[in-house]
Amino acid sequence: MPSLKDIKRRIKSVKNTQQITKAMKMVSAAKLKRAQDEITAARPYAEKMLGLITSLASKTSPESHPLLSPRETNANVGLILITSDRGLCGSFNTVLLKTAERFLREKKDSTVSLYLIGKRGMEHFKRRQMNLISSRALGSGRPSYSSAVDTARQVIEMYLKGDLDEVHIVYSQFKSALTQTPVAQKLLPIAAPEATEAEGEAQVEFIFEPTPEAVLSSLLPKYVEVQAFRALLESSASEHGARMTAMDSASKNASEMISGLTLKYNRLRQAAITKELMEIIGGAEALKG
Amino acid sequence: MADTFLLEIVTPYRKLLSKEVEEVTAPGELGEFGVLASHTQFLTILKAGEVTYRKGGEAGTFAVGRGYAEVLPDKTTILVDNAESAEEISAEDARAIIAKSEEAFKTLSPEDAEYAATIEAYELAQVRLRVKEKGRSSGH
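Line order of the protein sequences matches chains A and B. If you count by this note's numbering, then the first sequence holds residues 1 to 289, one letter each, in order. If you count by this note's numbering, then the second sequence holds residues 1 to 140, one letter each, in order.
It cannot be assumed that every hint is accurate.
Pair ranges (Cβ atoms, derived) [said to hold, decoys possible]: (1) A:Glu157 / B:Ala96: 27 to 33 Å; (2) A:Asp109 / B:Ile119: 41 to 47 Å; (3) B:Ile119 / A:Ser58: 49 to 55 Å; (4) B:Glu92 / A:Ser58: 45 to 51 Å; (5) B:Asp74 / A:Arg127: 44 to 50 Å; (6) B:Ala117 / A:Arg102: 34 to 40 Å; (7) A:Thr111 / B:Ala96: 41 to 47 Å; (8) A:Lys98 / B:Asp74: 45 to 51 Å; (9) B:Arg54 / A:Asn74: 50 to 56 Å; (10) B:Thr25 / A:Ser140: 38 to 44 Å; (11) B:Glu133 / A:Glu213: 33 to 39 Å; (12) A:Asp163 / B:Lys55: 50 to 56 Å; (13) A:Lys98 / B:Leu30: 14 to 20 Å; (14) A:Glu157 / B:Pro110: 16 to 22 Å.
Because the hints were derived from the structure by calculation, they are not lab data. Note that the Cβ used here is the ideal one computed from N, Cα and C, for glycine as well.
One chain only, chain B, in its complex shape:
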């Protein structure tokens, strides 16, 4: 018996996904976690990473920035600043951000206010590249 639950990915700009799925994995701050239907109530901070869902043979991956995940038995909501599907990601943009951040790291010290933001952008760009690569290899 395959129980499904509702997965929603929401950003300030739009609702990216609202779909019945069987399984979700997301990058929690304390490590990646998986969710199946009837999971206990759970609220966590997310770090930049990949959110993957599966339903039967169908699967999807999204690159997400920092945010939150709220897990209820019949619904999981992912609240993030940024979320993109593999098709939307531009590899050139991501590479440009990585190059720019690497350049910035040479001059920034961890005490600088910009440091955290740069790391965040850098990590997100890397995740985006990874998701993009995956999307390509799985034949998108």
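In isolation and in its complexed conformation, chain A is listed as follows:
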């Protein structure tokens, strides 16, 4: 049976924890808002880029560029995995790592090279015998375009050299603050977007400067960079969303625990008072007699 003092201490410590989780929830909510704004801000660029590639790819043959044409083998596969740097965000990293492991099982016939972004993923694969090409922390602050460029250039270079035949990316797609789904997406070779011929109007020929091929070969790597950047943004928004939800339920659990403990504390206090009263009354009765 815990003493009154013990329970009081317990309540105090739970209250402290609750304050922390509440603060973390609020911080995550603010960061989530910002991350969502960034996704919205990046959308026009990405959409325009896709539009350009689509219209260009329909004018040139898919074999015209190595980044577009699929290879016959897929013996060497690259995997970019984006996790978070810090924990306390519910099952966010667990589901991502599970998705990555499932991917590795599916590709067990081929050699998989890993590119890790985020400390959680690094810790997970540290002790496993894996072919790690690069691993780095996400870093604090908002995701920068240049870090996406670094990763994208690295895989493109490996791909063009023939060290990789396929590159996939695993990240968490942001649906809402409550739902984030891990996805595995093919990054390279670029799946030639289907040209929508349904546009009724006759298409006027574009003038390309310098040449369609030159424009295409400069656009394609850019497209991969944009994809990587989008994955980083989505993953950052997902992380904050997941943390917000996790901290919200932690705060709720803490309040439940506090009210349970307070009830117990009051009961115990009342019992002690009753016991003392009984003793006093008993004593008085004895004196009377």
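Once you've looked at the hints, dock chain B against the given chain A.
Relative to chain A, chain B alone:
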């Protein structure tokens, strides 16, 4: 009759400008080009330089990095990694980048992987300085 068309400047971080204008000049890879309304469809690579637009007496200049321009009869889209208006540019930052790149050129050879990136940064910084100076002289 002054026909206008929509000019959009988009970077990965934001949509910098979306505005009806009469005329745009941009730094194409094969040389600077001007666009008026009802221009034929045109797609080009841009190098670091100045993008200028004009509408009536109003004009604006932006420093842009490498990217692409898509010109349609009623819309011109500039897709670049970096774009800044004269007010946003910090002359000190640009000078610092120029100084750093000049330092780097002493040790780098054209074969180095960093060489192209340094040149790119160097050119962009110079363009930014130029745009900044212009913004100042026109009374901003």
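Hint check:
1. A:Glu157 / B:Ala96: 27 to 33 Å: holds (29 Å)
2. A:Asp109 / B:Ile119: 41 to 47 Å: Cβ of Asp109 (chain A) to Cβ of Ile119 (chain B): about 43 Å, so the range 41 to 47 Å holds.
3. B:Ile119 / A:Ser58: 49 to 55 Å: The hinted range 49 to 55 Å is violated for Ile119 (chain B) and Ser58 (chain A), with Cβ atoms some 34 Å apart.
4. B:Glu92 / A:Ser58: 45 to 51 Å: Once the Cβ atoms are compared, 46 Å apart, the range 45 to 51 Å for Ser58 (chain A) and Glu92 (chain B) holds.
5. B:Asp74 / A:Arg127: 44 to 50 Å: violated (59 Å)
6. B:Ala117 / A:Arg102: 34 to 40 Å: Since the Cβ atoms of Ala117 (chain B) and Arg102 (chain A) sit about 37 Å apart, the hinted range of 34 to 40 Å holds.
7. A:Thr111 / B:Ala96: 41 to 47 Å: holds (44 Å)
8. A:Lys98 / B:Asp74: 45 to 51 Å: holds (49 Å)
9. B:Arg54 / A:Asn74: 50 to 56 Å: Given about 53 Å between the Cβ atoms, the range holds.
10. B:Thr25 / A:Ser140: 38 to 44 Å: Holds, since Thr25 (chain B) and Ser140 (chain A) (Cβ atoms, about 40 Å apart) stay within the stated range.
11. B:Glu133 / A:Glu213: 33 to 39 Å: holds (38 Å)
12. A:Asp163 / B:Lys55: 50 to 56 Å: Given about 51 Å between the Cβ atoms, the range holds.
13. A:Lys98 / B:Leu30: 14 to 20 Å: violated (51 Å)
14. A:Glu157 / B:Pro110: 16 to 22 Å: Given a distance of about 18 Å, which is inside 16 to 22 Å, the answer is holds.
Of the numbered hints stated above, those contradicted by the structure are hints 3, 5 and 13, listed in ascending order.
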